[in-house]
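Student: Sequence:
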Amino acid sequence: MDNFYCLIRVIVHKKRKLSLYYFSHNITKQSFIYPICFTASNINVMFKLLSMHNCFNQASIYHILYIGQELYKAELCLAFNQIYIQE
Numbered sequence: 001m002d003n004f005y006c007l008i009r010v011i012v013h014k015k016r017k018l019s020l021y022y023f024s025h026n027i028t029k030q031s032f033i034y035p036i037c038f039t040a041s042n043i044n045v046m047f048k049l050l051s052m053h054n055c056f057n058q059a060s061i062y063h064i065l066y067i068g069q070e071l072y073k074a075e076l077c078l079a080f081n082q083i084y085i086q087e
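Take 1 as the starting number for the sequence shown in full-length UniProt numbering and just add one per residue.
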């Protein structure tokens, strides 16, 4: 199991953007770790940003595919002016 989770949001205030919050959690440490926020105008820029950061290097293929699927759904919501709800 991966030791992180992601929260994906669609921002429609002023400019339309995708936002991914990366939360790392460590069971042995009880301190709060602030999330890393990735914000991009489209899914291609988001994938480029995520590939440049090392936080996803140890992620499972299943988790990476799930994040890609959710980002695709979020971009479709931006394109069709729909509400995005992450599964």
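It is worth saying that the hints were derived from the structure and are not from the lab.
A couple of the hints might just be wrong.
[What the hints assert, rightly or not] Subject to a maximum C-alpha distance of 30 Å in a straight line, what follows is the list of computed DSS-like cross-link-like pairs (lysine-lysine):
(1) K17 / K48
(2) K73 / K17
(3) K14 / K73
(4) K48 / K15
(5) K48 / K14
(6) K15 / K73
(7) K73 / K48
[As the list claims (entries may be wrong)] Ranges of calculated distance between the beta carbons of each label pair, as one might list FRET restraints:
(8) V12 / Q58: 18 to 24 Å
(9) I83 / I61: 28 to 34 Å
(10) A79 / K48: 25 to 31 Å
(11) Q82 / T39: 15 to 21 Å
(12) A79 / N3: 19 to 25 Å
(13) Q58 / N81: 35 to 41 Å
(14) N44 / F80: 17 to 23 Å
(15) V12 / Y34: 34 to 40 Å
We put the CB at the ideal spot given by N, CA and C, even for glycine.
Student: Could you run down the list of hints and mark each one as holding or not?
Tutor: Taking the hints in turn, this is what the structure says about them:
1. Between K17 and K48 the CA atoms are separated by roughly 15 Å; this keeps the pair inside 30 Å, and the hint holds.
2. The hinted pair formed by K73 and K17 meets the criterion: a straight-line CA distance of about 13 Å does not exceed 30 Å.
3. The hinted pair formed by K14 and K73 meets the criterion: a straight-line CA distance of about 21 Å does not exceed 30 Å.
4. At most 30 Å may separate the alpha-carbon atoms for a hinted pair to count; K48 and K15 meet this at roughly 20 Å.
5. A hinted pair counts as satisfied when its Cα atoms are at most 30 Å apart, and K48 with K14 qualifies at roughly 23 Å.
6. Distance check on the hinted pair: K15 and K73 sit about 18 Å apart at the alpha-carbon level, within 30 Å; holds.
7. Taking the CA atoms of K73 and K48, the gap is about 18 Å. The hint holds against a cut of 30 Å.
8. Range check, V12 to Q58: about 33 Å between beta-carbon atoms, so the 18 to 24 Å window is missed.
9. Between I83 and I61 the Cβ separation comes to about 29 Å, which falls inside the hinted range of 28 to 34 Å.
10. A C-beta distance of roughly 19 Å is found between A79 and K48, which places it outside the suggested range of 25 to 31 Å.
11. For Q82 and T39, the Cβ-Cβ distance of about 20 Å falls inside the hinted range of 15 to 21 Å, so the restraint holds.
12. Taking 19 to 25 Å as the suggested C-beta distance range, the pair A79 and N3 does not conform, at roughly 33 Å.
13. Take Q58 and N81: their Cβ atoms lie about 36 Å apart, and the range 35 to 41 Å holds.
14. Restraint check, N44 to F80: a C-beta distance of roughly 18 Å satisfies the suggested window 17 to 23 Å.
15. For the pair V12 and Y34, the supplied restraint of 34 to 40 Å is violated, since their beta-carbon distance comes to about 24 Å.
Taken one by one, the earlier hints fail for this structure at numbers 8, 10, 12 and 15, listed in ascending order.
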